[in-house]
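**Q** Model the full structure from these sequences, guided by the hints.
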Amino acid sequence: MNQNLLLIAFPAADDEALYWWRVGDGAVQASGCDPEPLTASQPKELDEEKDDLPVIALVASHLTTIIGHEAISDVTEDQALAAAILAAKADSLERENSHTVATMENGGVVTASIGRDILSAGLVRLQALNLDPDAILPSGWLLPATSDGAVSADFGFDQVIRADNIIATDDPAFREFLFDDQTISPIVGDAFDAMLASVSERTDLDFRSGPFAKKAQRTMGAPQKRLLGWMAAVLIILSLAIPLVQLAQYHRAAEAADEAALASAAPVVGEMDGPDNAERALDQRLIAENRGNIMFPVPASALYSALQPSQNVVITRMAYGENGIVLATLSAIRNEDINPVLLAMQEAGFIITATPRTDATGSAQADITVRAP
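Each residue of the sequence shown is one higher than the one before, starting from 83 at the first, in the working numbering.
Keep in mind that the hints were calculated from the coordinates and are not lab data.
Positions of the beta carbon are idealized from the N, C-alpha and C atoms, including for glycine.
Ranges of calculated distance between the beta carbons of each label pair, as one might list FRET restraints:
| hint | residue 1 | residue 2 | range |
| --- | --- | --- | --- |
| 1 | T435 | Q390 | 15 to 23 Å |
| 2 | P136 | N247 | 25 to 33 Å |
| 3 | V206 | T265 | 37 to 45 Å |
| 4 | A122 | T265 | 32 to 40 Å |
| 5 | D246 | P136 | 27 to 35 Å |
| 6 | D449 | V380 | 16 to 24 Å |
Simulated pairs of lysine-lysine, DSS-like, Cα-Cα distance not exceeding 30 Å:
| hint | residue 1 | residue 2 |
| --- | --- | --- |
| 7 | K296 | K307 |
| 8 | K297 | K171 |
| 9 | K297 | K307 |
| 10 | K171 | K296 |
**A** Shown next, in the form of structure tokens:
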């Protein structure tokens with residue numbers, strides 16, 4: 083049973099002030115009659131649980147036809163309901179325009195019918211008021227069935243009387259014709275509020291079925307929203323944790339590589355505080371022994387600089403020996419073209435050797451060695 087809901091009168095005309103009752107915690111907490119029942123029924127302080135109450139609309143008894151049917155033996159419940167609906171439509175003067183629903187009660191079947199045009203127009207009016215009822219019930223269906231006497235109720239928009247399976251508008255003519263020999267007990271005060279509060283137990287005769295069934299809406303309640311929030315937070319944490327873990331692994335790998343490099347350099351330069359100091363110590367030792375990074379770049383760049391003024395001289399081969407000597411072969415048309423290059427290298431202070439020769443094409447070549455000073 084839903085403890086919190088909003089009951090409203092089903093509109094039968096445009097711009098109609100609608101009766102409403104707000105039920106909470108199993109009791110009627112507020113009621114009224116307003117052109118905008120949704121706004122009027124909202125409590126001053128909304129909480130998260132009551133911000134979106136289920137809505138049930140009550141249809142006046144003069145707009146519906148409720149009939150009791152004898153139970154059919156040797157059939158299933160679904161078959162009995164279907165047979166009763168067919169019988170109710172067959173007895174209707176507007177069977178093509180009739181929307182009929184059925185339910186089981188006291189071993190028999192009860193059907194309720196309403197015009198499709200009335201139901202469609204009322205739903206449009208409610209949608210204009212931002213209301214989409216979860217159930218639409220005949221107001222007289224809320225009255226309890228009694229085997230002794232009859233009961234009546236005044237909903238404000240509808241006066242209803244019921245005796246056993248007879249539900250009708252509480253009109254003097256109907257009273258005299260149908261209930262003249264019965265005692266009629268009005269449902270008022272706390273009993274009326276209790277009847278409204280138990281409406282969730284009487285939603286089996288609901289007009290919101292078939293083509294008028296409420297479309298399912300995918301909404302999230304407070305627990306789902308909290309779960310989604312936690313999932314988003316976990317996703318953000320994981321997104322941040324993965325690169326942090328990778329960065330930590332990189333630092334550990336870098337530290338391990340630095341430690342291995344220091345261990346490899348220790349026999350040559352001794353114990354050092356860090357890889358940078360070890361690298362500087364190695365460079366200084368290589369320089370002191372005429373080795374290291376300056377052995378090839380310096381003589382090679384000096385050779386290319388000496389070739390710049392001599393456009394007829396090219397380098398056809400260059401190599402670097404393990405003893406720190408740059409080996410190269412210069413080629414030109416004449417030996418006289420190669421000599422200025424060699425002189426320029428000597429003037430720059432480099433130690434060179436040159437072996438002139440002639441290749442198969444007749445070009446002058448010189449195999450030279452260059453050592454840094």
